[in-house]
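Residue numbers (the numbering used here), protein chains in the order written: chain A, 2 to 329; chain B, 2 to 329.
Hints are supplied without guarantee of correctness; some may be wrong.
Identical chains share a label here; the pair holds if one copy fits it or two copies do between them.
What the hints assert, rightly or not - PhoX-like cross-link-like pairs, simulated, lysine-lysine; straight-line CA separation at most 25 Å:
{"id": "1", "residue 1": "Lys61", "residue 2": "Lys293"}
{"id": "2", "residue 1": "Lys293", "residue 2": "Lys59"}
{"id": "3", "residue 1": "Lys36", "residue 2": "Lys326"}
{"id": "4", "residue 1": "Lys136", "residue 2": "Lys61"}
Just so you know, these hints were derived from the structure itself, not from any lab.
2 protein chains.
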Amino acid sequence: MATIKDVSKIANVSVATVSRVLNNNGYVKEETKKKVLAAIEQLNYRPNDVARSLFKGKSKMIALFVPDIRNPFFPELARAVEDNANAHNYTFILCNTDNNSVKELTYLNALLQKSIDGIVIVSNTMSAEQLRDIKVPIVALDRKPNENIPSVTVNNQEGAIQAVQHLKQSGCKYIGHISGPQDISSAKDRTKGYLAVVKEESWFSEDFIHSGNYTYEEAFEAAKNLLTRFPNIDGIFAANDMMAIGALKAAEHLGILVPNDLSIIGFDGIQMGSTTSPALTTMEQPLYTIGKRATEMLLQKIESPEKELVSEEYQVTFIQRSSTKERR
Amino acid sequence: MATIKDVSKIANVSVATVSRVLNNNGYVKEETKKKVLAAIEQLNYRPNDVARSLFKGKSKMIALFVPDIRNPFFPELARAVEDNANAHNYTFILCNTDNNSVKELTYLNALLQKSIDGIVIVSNTMSAEQLRDIKVPIVALDRKPNENIPSVTVNNQEGAIQAVQHLKQSGCKYIGHISGPQDISSAKDRTKGYLAVVKEESWFSEDFIHSGNYTYEEAFEAAKNLLTRFPNIDGIFAANDMMAIGALKAAEHLGILVPNDLSIIGFDGIQMGSTTSPALTTMEQPLYTIGKRATEMLLQKIESPEKELVSEEYQVTFIQRSSTKERR
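With the rest of the complex left out, here is chain A:
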C-alpha cells in the first residue's frame, strides 16, 4: 500500500508539503498542490477519511433525524446512537426535522452529497415513495413511518393497555385520556390501547379523550378542559410523560390533589418524570436500548448490505411512583 513517503517521492516534494496539502494547513503553491494530488491519484493513496469517502463512497458517518432535540424524549435516544456510532468509529450527525417532510428531504439530499453511510430516523412523515430511491440504509426508531422501513419500537398498544388496566384495577371509575398526534404510530397505538380497555364501559364516550399533541403546554390545557368538563374523572392516562406532567400541573392549578383525588399515569420513562411532585407513575421504555439496537442494525446493514433487516419490538415496564394510588 502506498505511503505518504511514496507520494512525496513521486511528486518530488517533502513529506511535510504532502501533509500540508492533505490537511490544508499552511501555504502550498497551486503548482505544487497539483503535483501532489496527481501523485496521490497515481498511487491510489488514501490520505484521510475525505479521500476514502471519494474513492469508496463511504464516509464513516451516520445521521439521526429527530423532530426536536429539545423534547426531553430524544436526548436519551441521541446519546445511545452517538455512543454506538462512536464505538464503531462512525461520526454522528444530528438533524432536527420539526416533523417537516420538506426539511427531512433537504437534509437527506445534503447528507447524500456527503456520502452518508446510513440514517436512523424518528419520523412519521417519510413515505415509502420518498424513501424508495434512497440508496443508503435507513432504520426507523420509535415510530413506523411506513411498512418498508425496518424499525425498532416498543409494544405501545400493549403498554397502554397495561397502564389503563392498572388505573382500573386500583379503583379508578372514570378514566380520561390525553392523546398524542394520531398521525404518529406510537400515539395512535397508545390510544388504541386505552380504547381497548374502556370502550365497553357504560360511562365512556369519545369526549373522555382530549388531544395534548405530545406537548406539555397543550396537555396542560387539554387536562384542564377534561377535568372541568368531567369533575368525576379519577384517573388519567396520558400518552407520554410530557403530557402527564402537563396534566399534573393542570390538576394542581384546579386544586385537585394527585394522587388522592386523581391518579395520573404517563408513558416513556423520561428522567423528568422522576423529579416532579408527586413523581410520575409511568410505562417506561428501554430508551437507551432501542437507540442502541437501531444503530447496531444500521451498522450491520452498512457493513453487510446483503443482510435483510427485520423490525424489532421491545417491552415497556410499569414503574410505580407517587402519581397513582389504590382508591377503594
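Dock chain B against chain A, hints included.
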C-alpha cells in the same frame, strides 16, 4: 466550469455511469471507474461535497462538543447550533465528551481526518496546550476552558449576586448554597457571586456550601444534608436548575414547605424548571441566543480566517416563579 457531461465525454462513458461512480450506486467496472476519476481530476470537476472536501480541505461540517446531551441544559444549545449550521448549509456533528479530555482529543483527531471546518466546544478540560496545534477555528460556549479560546458565556458571577441578593431582600436570614464543580468556570463564578453577598454575614461559614456537582441526584443528597445540619436555613441558591430541582425534592422529602418555610432559586432557565411544583424561580440564561451567537462567530472565522474573534458575555434575567416568596 466543468459539468458532469464534460466528464462523461472525456471518459467516454454515459452521464449515468459518471453519476453511478460519484454516488457509488450500482455496479461500475473498476476500469471504467478509473477513467471517470481521471476525467474528474483532469477537468477539476467538483462532483459533490466529498470531492470538494478533498480539493479544498473544507467539508462544510461543524461539530459541537457537549459533556452529555441527556443533561437538559444542552439540548437548547445543540438546537441553536444546529439551526444555524443548517441555515448556512453546514452539517452538524454532535459529540458527547463526558467531560473526558481523552475523549475530546479522540473526537478532535477523528474530525480533523474528516476535514471538519470548525468546532463549538462546551468544555472545561481542553487546555491551551492541547488546542495550540489545532488548525481549525474553535469557539467555547457556556464555559471558558482557557483564555486563548474566544468564548460566548453569561455574567455568571453578577447573576449569582442578583440571585442571592433577591433571597436576602425578600427576607431570608440564613442562605445556603448548592455549588457546582469548581473546575468549571460557570460554577466557580456562581459560587464567587454567592460568597460576595454572604461572606461578611455573622452567621456565615463555609459549611453553608454543599457540592451538588451540577446533578439532580447529588444535589438532592447535598440539600438533605444541608437542611438537616442547619434547620434554620430559609433560602437556598443552587448553582443550576437541575440542582435546584434536587433541592426542591429534598425539601419535600424532609417535610419542609417551599416557598413557605424555604425559598429556592436556581440558575439557567431550563424548561424543566417551569414544570416542577412549585415552579422554580431562576436566573435565566438566553440559551438559544448564546448557542446561535457562538455558531455565528465560528462561521465568520471559517469564512474569513483573518478575522479576530472577541469573547462575548450575555446577561441573565431574573425569572420570578413560585419557589421563592417575601418572608417578613
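Hint check:
no., hint, in the structure
1, Lys61 <-> Lys293, "within (17 Å within a copy, 28 Å between copies)"
2, Lys293 <-> Lys59, "within (21 Å within a copy, 31 Å between copies)"
3, Lys36 <-> Lys326, "neither (77 Å within a copy, 73 Å between copies)"
4, Lys136 <-> Lys61, "both (15 Å within a copy, 22 Å between copies)"
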